[in-house]
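Trainee: One letter stands for each residue in the lines below.
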Amino acid sequence: MGDETAPDEIGPKPMAMVEYLKLGDDPHLVANVCKACGASYFDRRNACAACGAREFSAERLANTGAVRTFTIVHRAARGVPAPYISAVVDLDGGGRVKSNIINIEPAPDNVSLGMRVRLATYVAATDDDGNEAVAFGYEPEAA
Amino acid sequence: MSNEDPVWILGTSMTKFGRYADKDLIDLAAQASLGALDDGEVTMAEMDVLAAGCLYEANGGVGQRLQKQLGQTGIPVYNVANACATGATAVRTVMMAIKTGEAQMGLAVGVEQMGKMGMLGADRAARSDKQVFERKGRFGSVVGVEGRLGTNMMPGVFAQAGMEYAYENDGVGFEQFAKVAQKNHEHSTLNPLAQYRKAFTLDEVMSSEVIAYPNTLLMCCPTGDGSAAVVLVSDEKLKTLSREQQQRAVKVSASVLTSDPWTEGCQVQPDVNTLTRNAADAAYEASGVDPADLDLVELHDCFATAELRHYDNLRLCEPGGAGEWIDKGGPWRDGEIPVNVSGGLLSKGHPIGATGVANLFEVATHVRSEAGDRQVPDAKVGLAHVIGLGSSCGVHILERSGL
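Residue numbers (the working numbering), protein chains in the order written: chain A, 97 to 239; chain B, 26 to 428.
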């Protein structure tokens, strides 16, 4: 995996929390894009859900976009710190992604529909070997 | 019979929704089923088909277990599950059997026993603390995504569905969503079958505990137990029954089930709109009923944010005008088109498998003018809607007999 530290290096490795997040100097998301219609998916598809075509290419998505919708979760799943902001972001150039809005206080006055955001990464968890799971969220561009 | 002949509801019944520590799933299903048979003045021996809808015991042979309580007559049994549209799917299963001519009469029952399940949609089990990361699932995740890459729990998913409507349209915000809950709780005070029957002021709704903004506690439906059932009959068979049975029969003018077609972004935020619009449009087309003709609507208000969107999806208001419509009282029981006079899922309750049958019970009871204190005056035609995430949507249009 090109986005992770080479296996012969000693010590803990940063690991992208999900495979569609690519780490390195320039963290970004990659989607499987239908070659026929351009629909994009973060998981593998046997055929395109939009058009039925069967060929996909891995394409980089933009790191910036606008908040399409959000909620502030106060009563969260067990073990998840709350409150936090969950949002769907319309990415510049196409593609839609769901993640948290990070690096701002989770209050209705701090987040607005259409707000410009950019991708940011952070360490979400560490395993018993010291490997770090790196997650992505979106922070306000203005920050 | 021909495919054009209508199918009719001959009998219907539901248990009060709530929490039944002293009854099991089959007790509840049997109570509703016997109620529907008695209401239609028929017996289990006359049923040609049985469909049983239950989500959480979908592999539990609920239909056959129910037969042991009602009568083992050897008829075909279909056990169905389709998320929150499970009950509507059971009804449609019997409808299809009648439409094809395989059956003249059938029983559809929806049932669920959830107790206090808490919030649905979260990761079922927390991963153990002692771990070494390895990639799992279709996204190759090394840790749970819930709460890290947004939320998949129902209060948040439907909050986002509502806020997306606010993004696309003016005049929609926290207050408009909260008014939905104020209305449905007020409506529930007239319904003896509702799980909760307490009115709240708008301020009380807005200042109750925030679960997933803008949904507060009073804007989220409860979990619970309950069952509802309908007996369906072919047009041909109905004509052989008594005058009273024919007059109390309720015409199923449309019965539609849809799934969610691909739309932009549906892989990250379930689209609860397109399939609802598709189902509603097909139902209006099939029945010849116009939204303006509707005397009442029971729609799937699992969360207050969802109900507001469905005013628009079901064409009850002007396109984009759901906020304005509730501001002027359109969906209140004395408004333009009363919505959820039962109290809706928010107060009547949402035992999942029962919901898509219970809304038919409600509409049928009104068009029969048998709804007691909560009766919508002179109701002749109504629409029932359910949606299950994943997604599946059922829409039925019911009309007074006229026979």
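Accuracy of the hints is not assured; some may be wrong.
Stated by the list, open to error - Quick list of the computed label-pair ranges, beta carbon to beta carbon: (1) A:Glu237 <-> B:Asn84: 46 to 52 Å; (2) A:Asn199 <-> B:Glu289: 25 to 31 Å; (3) B:Leu59 <-> A:Asp205: 53 to 59 Å; (4) A:Asp122 <-> B:Gly360: 32 to 38 Å; (5) A:Lys131 <-> B:Gly196: 51 to 57 Å; (6) A:Asp225 <-> B:Asp49: 43 to 49 Å; (7) B:Gly345 <-> A:Asp188: 21 to 27 Å; (8) B:Thr288 <-> A:Asp188: 49 to 55 Å.
The hints are simulated quantities; they were obtained by calculation from the structure and are not laboratory data.
Just so it is clear, CB atoms sit at the ideal spot from N, CA and C, and this is done for glycine as well.
Trainee: The structure should be examined with respect to each hint, and the outcome stated for every one.
Mentor: Evaluated hints:
no., hint, verdict
1, A:Glu237 <-> B:Asn84: 46 to 52 Å, "holds (49 Å)"
2, A:Asn199 <-> B:Glu289: 25 to 31 Å, "holds (27 Å)"
3, B:Leu59 <-> A:Asp205: 53 to 59 Å, "holds (55 Å)"
4, A:Asp122 <-> B:Gly360: 32 to 38 Å, "violated (55 Å)"
5, A:Lys131 <-> B:Gly196: 51 to 57 Å, "violated (42 Å)"
6, A:Asp225 <-> B:Asp49: 43 to 49 Å, "holds (47 Å)"
7, B:Gly345 <-> A:Asp188: 21 to 27 Å, "holds (25 Å)"
8, B:Thr288 <-> A:Asp188: 49 to 55 Å, "violated (20 Å)"
Violated hints for the displayed structure, listed by number in ascending order: 4, 5, 8.
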